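Chemist: Given the structure of chain R, go ahead and fit chain B onto it with the hints provided.
Residue numbers (this note's numbering), protein chains in the order written: chain R, 1 to 100; chain B, 1001 to 1733.
One thing to keep in mind: the hints can contain errors.
If you anchor each label on the Cβ, the simulated ranges turn out as follows [said to hold, decoys possible]:
hint, chain 1, residue 1, chain 2, residue 2, range
1, B, S1402, R, I73, 23 to 29 angstroms
2, R, P25, B, N1716, 49 to 55 angstroms
3, B, D1061, R, M68, 47 to 53 angstroms
If you're looking for bench data, these hints aren't it; they were derived computationally from the structure. For clarity, every value in this text was computed on a predicted model and none was experimentally measured. Built from N, CA and C at the ideal position, the CB exists for glycine as well.
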Amino acid sequence: MTSELDTPHATLELAEVLDLKAAAPLASSLLAHRGRDVALDASRVRRLGGQCLQVLLSAKNTWNADEMSFEFINPSEDFADALLGFGFSLDKLMDQELSR
Amino acid sequence: MAMDAMAVIKQTFFQECEEQLAELEMGLLAIENGDHDQEIVNAVFRAVHSIKGGAGAFSLDDLVHFAHIFENTLDLMRSNRLQPTPEVVKTMLRAADVLADLVRAARDDGDFDDARTEALAQELAALGNGGVAVSAAQEKEEEVDLSQFRPRPIAFNFDEEPAAPAEPEKKTFSIRFKPKPDLYAKANEAALLLREIERLGVATITCDTSELPLLSELDPEGAYLAWTVELKTDADEATIREVFEFVEWDCDLEIKGDAASEAEELDVLALIRKVREAVEPEAASVSPEESVPAKAREPEDRGPVKSADILKIDQSKIDQSKADHAASGPQQTTSRVDRDRLDRLSELVGELVINQAMLAPRVTEAGLARGSDVTVGLDELEQLTRGIQDSVMAIRAQPVKSVFQRMPRLVREVAAMTGKSVRLFTEGENTEVDKTVIERLADPLTHMIRNAIDHGLEKPEKRLAAGKPEEGLVRLSAAHRSGRIVIEVADDGAGIDRTRVRASAVNKGLISADAQLSDDEIDNLIFLPGFSTAEKVSDISGRGVGMDVVKRSIQALGGRISITSKPGQGSVFTLSLPLTLAVLDGMVVTVAGQTLVVPLTAIVETLQPKGADVHGFGGGARVIAIRNMFTPLIDVGRELGYRNEAADPLTGVALLVESEGSMRSALLVDAIQGQRQVVIKSLEANYRHVHGIAAATILGDGRVALILDVDAVVANSRADMTAYLEPNLALAG
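So here's chain R without its partners, still in its complex pose:
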């Protein structure tokens, strides 16, 4: 995961495998960027598990509540597929605030 901690806008690269082991580190690295616009580069993602999905959705809500921008860029096919499997589409995730 790469980041530019000093700039107001951060681009984070999501790991290839977002399984249960990745959930806690993902949450803490996202929290470290709270208060800034964040773009998540999902180009490398091959696998997305339920717990990382929770983290991403919760982060999305949090950023929305903070009125900061939170977006996914360059989503890999696997990432988009995984979201579909969970009942989300990438567009949906981008467009609307998730129900709380």
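Modeler: Quick look at chain B alone, frame taken from chain R:
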């Protein structure tokens, strides 16, 4: 995602492989022991065949290659073109070990011994050289094989059946699925389950994020999401539930069907059975005369099943399966239960026992007559409680087979390393004991068997010279004896070399050179920490684990280990273990105003000491004469530091206890309160280890009582006595 789905199926495959490997080994051992039943040969063949089939589906080429050669040789045996001579079977057993290694290497992405595999492949091929080359028919059979292994997750995909379009109209199910944190923690994945459901038909998945907190409050390892799947499918509810089979305790699951599907639910049991048959690998592709599996998976009156028939609904079979269910047929009798739940249940039953025990004195206090309704009711409650307790124990019980099964391979390997020829006999594999006990038995048993071969059995030349058969025997047996499980490891070797053991113990300062020891006591020296007779540490037994460690791990299980050895005839190590770690029959005693529990298994008899029988012999130590034998009299109150002055033996009670190595001592306590079953509560888990105390329990009146560690108390008192009698030795040690 695709990788994950594959991983799950692979996992199922490897689990099945383990079963097949066990089957293979058991079959080969039976053949080695002269059982030439065609059915066993068939079972062995099928085991290798199935592993090969599954491995092919996963492109595990090394495994397929070796299994293929193995299978060819077995096929020769199956068709009586290769005789199962001892040499042939030995090679096959080693081949089974290699196959097991290959399976595990494939599973763990580990390495395997290339050279060994190749060497055995050649040996196998050489065995088959006398036979006929692989025929076209066999090659054809292989094609069938690759589809033969059908792990459950995909096997239920009825959509793929060609007959699907002609099936009755699809039903709609509404499935609500909410994982619990445990589901993820156990490495299951919601994504995969949803994927599996999607495969069953046309699915609309919606995710409920209403419980999702903001990131700062989120536990990344929690579970907040729930999913609802509207599924249009040909499959029935049972099939859908099967998807969640492994996670059913770790999620909330609600499946609602529409009216069309309700009617069929009545036959769910029959359908589950049907589905099971459909995926049963053995039944799927073998020819009729060999399709009865070695282990009885089906009621015996059921005929062989041909693959073509399997998916057709046969009304007579459904009726029969209903009848079977009523008679609780073998297939329906198991269910997977989470271990935590079982532990919780045992704990609760423990509490129930305590509570019930608390009730009894209350009733007496209330002055109710012995025959009153309340006391009668209480007696019934006690019986029921016992019944529940026994049932819970039975749920947790498992045959020791799972540990015994690991031993044949160990024996072969140790035999090969030591250049000895060994035969292992096992008896009583089906003896049941608490699963926790089984798990903790594997290491001590492994070590004892290694020892038996390495130290117990003589080299072949020596055996021949002693007029014994060249092949040594190691017997591993288990049996229930008076509420405990007794496991014996026996060998027909040279027995313990007492002169050497004694000398070694003197050398290491464990005993003094002029100590008077009985044969029994010398034998027991091998359990002392720091004792090892091997001059050089061997690869096999000397792994830094001595018999003292074995003894400690057995003691930690509440068990005892003893040894009997006859020079020239061999040694027997006997383990006596409790059937469960949860309850204990104890004698409740009073010592210096404290209530203690002494495990009943340790007590031989109780007696009232007479003045003439008790003799002091300095250092505060006393002995008591019991039937003309002097036995150390241990003042428990002093030993545990409850009081400083010696108790008056004439007002107390002596408990004659037998501790390790059949040593007898008398424990002096103030009074006996009674006998009772107590629920063991770990002291280590709740407080810390206390010397002389094994655990704690809660008594009927709600007070905590400590459970005495008899062996530790006796050993400690003996050490004190030795320190008094042999001050120089004490300084040296």
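Chemist: Is 49 to 55 angstroms a correct range for the gap between the Cβ atoms of P25(R) and N1716(B)?
Modeler: 50 angstroms, holds
Chemist: Regarding D1061(B) and M68(R), is the given constraint of 47 to 53 angstroms on their beta-carbon distance met?
Modeler: 52 angstroms, holds
Chemist: Using the C-beta atoms of S1402(B) and I73(R), is the stated range 23 to 29 angstroms upheld?
Modeler: 52 angstroms, violated
In the structure shown, a violation is registered for the earlier hint numbered 1 alone.
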